[in-house]
Amino acid sequence: MKTPEPKNEKPTVCGGGLKISVCLGSPCLASGAEGVLRALREAWGEKPIAVIGTGCMGPCSRGPMIRIERDGYPTAYYERMTPQAACTTVAAYLAGAAPEQGRLAPDFPFIALQTRVVLEQCGRIDPCDLNSARAAGGYRALAHAIGKMTPEQICCEIGASGLRGRGGGGYPTGTKWELVRAASGRRKYVVANGDEGDPGAFMDRTLMESDPHRLLEGMAIAGYAVGARDGFIFVRGEYPLAAQRLGAAIVDAGKAGLLGRNILGSGFSFRIRLRIGAGAFVCGEETALMASVMGRRGQPVIRPPYPAQRGLWGSSTLINNVETFGCIAPIIRNGAAWFRSVGTPGNSGTKVFSISGDVATEGVLEVPLGTPLRELLAMAGGVSGGSFKAAQTGGASGGCIPASHMDVPVDYESLKGLGTIMGSGGLIVMNDQRCMTDVARFFMHFCQDESCGKCAPCRTGTQQAARLLDRIAAGEATSDDISQLEQLCRFMRETSLCGLGMAAPTPVLSTLRWFREEYENHVRDRRCPAGVCAMEGTPCRD
Amino acid sequence: MPRLTLTINNRSVSARRGESILSAARRSGSDIPTLCNLGGLIPAGACRVCLVEVAGYPRPVPACATRAEQGMVVTTDTERLTAARRMIVELLLAERNHSCAVCVMNQHCQLQDLAARLGIDHVRFAFISPLAGVDISHERFGIDHNRCILCRRCVRVCDEIEGAHTWDVDGRGAASRIICDLAQPWGTSATCTGCGKCVQACPTGALFEKDAPTKKATIDMERLSEWRRSRK
Amino acid sequence: MNVHDSHRADDRHRALERVMQQHRLRPDSLIEILHAAQRQFGWLDRDVLGLIAARLRLPPSLVYGVASFYHAFRLEPPGRHRCTVCTGTSCHLKGGSRLLQQLEQHFGIACGATAPDGSLTLENVRCLGACGLAPLIVIDDEACPHASFGPVVERLTASLDGEDTSP
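Chains as they are written, first to last, in this note's numbering: chain A, -15 to 526; chain B, 22 to 253; chain C, 97 to 263.
Quick caveat, the hints were computed from the structure, so don't treat them as lab data. Built from N, CA and C at the ideal position, the CB exists for glycine as well. Keep in mind that a hint or two might mislead.
Pair ranges (Cβ atoms, derived) [as the list claims (entries may be wrong)]:
{"id": "1", "chain 1": "A", "residue 1": "370", "chain 2": "C", "residue 2": "257", "range": "39 to 47 Å"}
{"id": "2", "chain 1": "A", "residue 1": "66", "chain 2": "B", "residue 2": "147", "range": "25 to 33 Å"}
{"id": "3", "chain 1": "A", "residue 1": "245", "chain 2": "C", "residue 2": "122", "range": "15 to 23 Å"}
{"id": "4", "chain 1": "B", "residue 1": "230", "chain 2": "A", "residue 2": "462", "range": "39 to 47 Å"}
{"id": "5", "chain 1": "C", "residue 1": "171", "chain 2": "B", "residue 2": "157", "range": "22 to 30 Å"}
{"id": "6", "chain 1": "A", "residue 1": "55", "chain 2": "C", "residue 2": "107", "range": "48 to 56 Å"}
{"id": "7", "chain 1": "C", "residue 1": "209", "chain 2": "A", "residue 2": "329", "range": "28 to 36 Å"}
{"id": "8", "chain 1": "B", "residue 1": "152", "chain 2": "C", "residue 2": "257", "range": "34 to 42 Å"}
{"id": "9", "chain 1": "A", "residue 1": "515", "chain 2": "B", "residue 2": "147", "range": "53 to 61 Å"}
{"id": "10", "chain 1": "C", "residue 1": "122", "chain 2": "B", "residue 2": "79", "range": "36 to 44 Å"}
Build the full structure now, drawing on both the sequences and the hints.
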């Protein structure tokens, strides 16, 4: 079998040796990155400077970000650019200077200390240009996989890499692939779960917006490995830019023979279709996601049967998170042993975190699994506006890590031991001005809004728990209310039908575990220690 | 037919392959309470009243939707399960407006029976008391959303057996409502065949026959299975 | 050219029909078709839902059930201006929820509702994934990072006033 190798086509650095990248991720766009790009192109469109729009560079709260690369000089990042400031900076560069104004220090920890595997090309390539992705090694793993490996070998390699599901569950990816590969049935499906519904999580958005081809490549390899010809990407409706770039990437890859019929002349065909979500957190649950892909209400159904046994339209279906698919190409390219060498035993590879809240720099960080939380915080420049109180992980299904456990290595098991979960990677840092019962109340209202309403414990339990938390916030609760809340939460965790309902009580149980004193302040002293809760009768419901 | 053996409440029980724990348990004399389950319909496992404990499983599982497996050890009436069942029924009683004295199904209501069976004499939770609305636009039937527990037996019976799919659910979470066609008055439905199966399937007084204000018959399981057979 | 409303409606119906044909009237593409219909009409009224149900050969209640399940689908006509407040975790911590409450009070409309004169819809969204910009508000598809009450009201009032003077 002939396996054409992807060719390097476009030079990435033009004459003059000056290459300017403007971050066009959605936070930077919201801060005005498009104006910066336009101004730079207008000023130097004809001159020998390469001005390209790229995906996310990481420090979202400092946008619009630009990067300036020049032969013989260290790469420089500039933050909070305006069109004018960007032009002035570049003009200075052309004159041989490297202005200080807005420049991040060369060892800026947020950028310098990252280990980028999944996001390796994010912020480096033009997400709207297939050639840019291919020049950076995109689709080489696909060519290698379908040209030189058997499906069994691929599943084996993924298994040997120790990769675990990045959506939060941590299920071994290789095992899942092998289950689907071994399943009988003529049709099989591959689904990428891009319904990043956890509030405070934006890792998948970053990858889909910044390097859509990475996801497509991972899915195509998966399709080849498990014997599927059809793939779906389920993108959250709140991410229009991700959907747009993915849609364009699918078309481009199809035209280049990297997707669709007879990929790279190998005889293997794989088609990817986009499904745009319509606003339902529960669709992150795999059975609900499948219902949604099939055009139904996103209500979970009882497992087993698992999707690998009976998924879309009754066929065996492989569902992985977007970030999991993002790990596939590097594993195939560099081998399982390499992947295992990153991270810790049992937790191999890296994890992308979106860090936000009370930190100096908010944005997207990729670090080896097992990196201590304290180190992550240091990379983000430390806590802002006060001292560290807690870090919330796992979104609405997760819990808090208190200051006493700041040295916890961030991996699946250690977080579980602290009563929280890795989740998809949202990490919200809170300083001592934040009220933990208010945080619990916020998440319970979120779960109440997002409960699908199918099973009684989740539908009615979240409603009652939210009421109890409202009473606590309003200074109307008694100590019986706390014990009732606790009882109700344990009940929901045990009896709900799906992951949403089972995990909905976690924020409450976790804050009760670490910050019970604060609940008692609200009840006993009718006082909110952080001064967040109004404590003046029942607050308005949103 | 291949058979298998499992243990339910310390008794050895034989079951068909593919049979649910619920059905095997009932045959062996262990009566697991249910609410959203209705023989002949695809189990939804939504009310969670029939949760049972299976040795080696981390969490209780719904007996209606879990298949009996060879060698399974099932317990159906532990203290933990009873507490969970009470909690569910209390939460359902607090969710809408269940006033038995003015309900057509008083004395025939499965929710009421279950509450009695579990010895519920008060509800620990705040009554939410929503204004849920009543629709009596249909010639023969009515629906009182105040008495609805969202078990969706009406939705499923209409879809799976009558094949009309007149009913579905509007919204989600606590705001869920059973709706007819495009959320329109039942009397104006273009798809309703007027068969009355939904009324038969309703475990509470939410769906009722208008001319029988206080004596809606108990659920006619016979007729339901007959319908299902004829559809096959 | 004088574009009559009914002509416009016909165009929209034709566009919707084209999308349905592209999906070969497959029932499993219902959500895609609802998205397309909302793009055409701005919201989903019962006539459109009934039409989609008929074309895809789906029960009307199922179509309504799906449309009402997802928050992105609007079953009421939206206001001419839209103000969306992000209430994700970071935005909540940094005052997004409080901001929403203040806006509700200021404009006298509840979250999710439209002003009686149809000028403004106030709504919330559970995280737009741009947490570095908290609190984030989106006014008529334009993002306002690090929003605060005064400037947002000013901006909304300007859009609402601008509307009055335009022909």
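Should the hint that residue 209 (chain C) and residue 329 (chain A) are 28 to 36 Å apart at their CB atoms be regarded as holding?
violated, 54 Å
Distance restraint evaluation - residue 66 (chain A), residue 147 (chain B), Cβ atoms, bounds 25 to 33 Å
violated, 53 Å
Determine whether the Cβ-Cβ distance between residue 515 (chain A) and residue 147 (chain B) falls within the hinted range of 53 to 61 Å.
violated, 27 Å
Is the distance from the Cβ of residue 122 (chain C) to the Cβ of residue 79 (chain B) consistent with 36 to 44 Å?
holds, 39 Å
Taking the beta carbons of residue 245 (chain A) and residue 122 (chain C), is their distance inside 15 to 23 Å?
holds, 21 Å
Taking the Cβ atom of residue 230 (chain B) and the Cβ atom of residue 462 (chain A), is their distance within the range 39 to 47 Å?
Holds - the Cβ-Cβ distance for residue 230 (chain B) and residue 462 (chain A), about 45 Å, lies within 39 to 47 Å.
Cβ separation of residue 171 (chain C) and residue 157 (chain B), checked against the hinted range 22 to 30 Å:
Given a distance of about 24 Å, which is inside 22 to 30 Å, the answer is holds.
Does 39 to 47 Å hold as the CB distance between residue 370 (chain A) and residue 257 (chain C), or does it fail?
Taking Cβ atoms as reference, residue 370 (chain A) and residue 257 (chain C) lie about 40 Å apart, which means the hint holds.
So does residue 55 (chain A) sit 48 to 56 Å from residue 107 (chain C), Cβ to Cβ?
For residue 55 (chain A) and residue 107 (chain C) the Cβ distance comes to about 55 Å; the hint holds.
Between residue 152 (chain B) and residue 257 (chain C), is the Cβ distance one that fits in 34 to 42 Å?
The hint (34 to 42 Å, Cβ to Cβ) holds, given that residue 152 (chain B) and residue 257 (chain C) are roughly 37 Å apart.
Hints 2, 7, 9, counting from the list given before, are not met by this structure.
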